[in-house]
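Novice: Dock chain H against the given chain V, drawing on the hints supplied.
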Amino acid sequence: LAKTTQPISMDSYEGQEVNITCSHNNIATNDYITWYQQFPSQGPRFIIQGYKTKVKNEVASLFIPADRKSSTLSLPRVSLSDTAVYYCLVGDPYNQGGKLIFGQGTELSVKP
Amino acid sequence: GAVVSQHPSRVICKSGTSVKIECRSLDFQATTMFWYRQFPKKSLMLMATSNEGSKATYEQGVEKDKFLINHASLTLSTLTVTSAHPEDSSFYICSAGDADQETQYFGPGTRLLVL
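Note that the protein sequences, when read in sequence, are chains V and H.
If you're matching positions, the first sequence starts at 1 in the working numbering and goes up one per residue.
If you're matching positions, the second sequence starts at 1 in the working numbering and goes up one per residue.
Isolated chain V (complex conformation) (with noise of 0.2 Å):
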């Protein structure tokens, strides 16, 4: 399961665009990347998840650059209620079974 590296944490404040980035050097060709969000004391919540180029739904965007060595996760316009850590995994589900190993997350902490 490839490594994924992540900042600790980062600081924001409302109305904001951020943008998350995540490195995964050794991501392999059946590998999907996929983001989660999770609050205290509740479980990872789905975000996205792609493949190559651009995913978008109603919550988020991704980047994924043509080598996907790296990812980025895009959040438009942060609302207080965004402030929680934010998890970058890569991995095969259909050789994996859905096997997930977390990294260390970010903790994003979204200012008035």
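These are calculated hints, taken from the structure and not from any lab test.
Glycine included, every Cβ here is placed at the ideal spot set by N, Cα and C.
Some clues are possibly wrong.
[Claimed, not checked] Restricting the straight-line Cα-Cα distance to at most 35 Å, the calculated cross-link-like pairs of lysine-lysine (DSBU-like) are: (1) H:K55 to H:K41; (2) V:K54 to H:K42; (3) H:K20 to V:K3.
[Said to hold, decoys possible] Quick list of simulated restraints, FRET-style, between CB atoms: (4) H:K66 to V:N95: 22 to 30 Å; (5) V:D11 to H:E52: 42 to 50 Å; (6) H:K64 to V:G15: 45 to 53 Å; (7) V:A28 to H:G53: 27 to 35 Å; (8) V:S81 to H:K41: 16 to 24 Å; (9) V:T5 to H:Q29: 30 to 38 Å; (10) H:G16 to V:F63: 46 to 54 Å; (11) V:Q16 to H:G53: 46 to 54 Å; (12) V:P7 to H:E102: 20 to 28 Å; (13) V:T83 to H:K66: 30 to 38 Å; (14) V:D11 to H:E59: 27 to 35 Å; (15) V:S41 to H:A2: 17 to 25 Å; (16) H:S54 to V:Q42: 28 to 36 Å.
Specialist: Relative to the frame of chain V, chain H by itself:
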């Protein structure tokens, strides 16, 4: 998205007793579920893979006789912490994948406190 539930949400027990935690996939079937534990301010640590109808696969360093896992149906996996001690106090979280396993959905977690 798919819904995964856990029961109980929190439990307090005396040292030496056993505690069972249930993980259910509510609107889909899961042949594989995963169990994690999380200490305060730390990331999730994978404990084991729960396989429906067969033995669980444990990660290195996780005692299989301490953490008993049973996956008797396609919608239910249970984790039993046997002879619990204060150091077993933690946040236990399960996950289950949808049919194609592309996405893992997590339960809300169970807070265990062993006195």
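Novice: Against which earlier hints does the structure fall short, listed by number upward?
Specialist: The structure breaks none of the hints.
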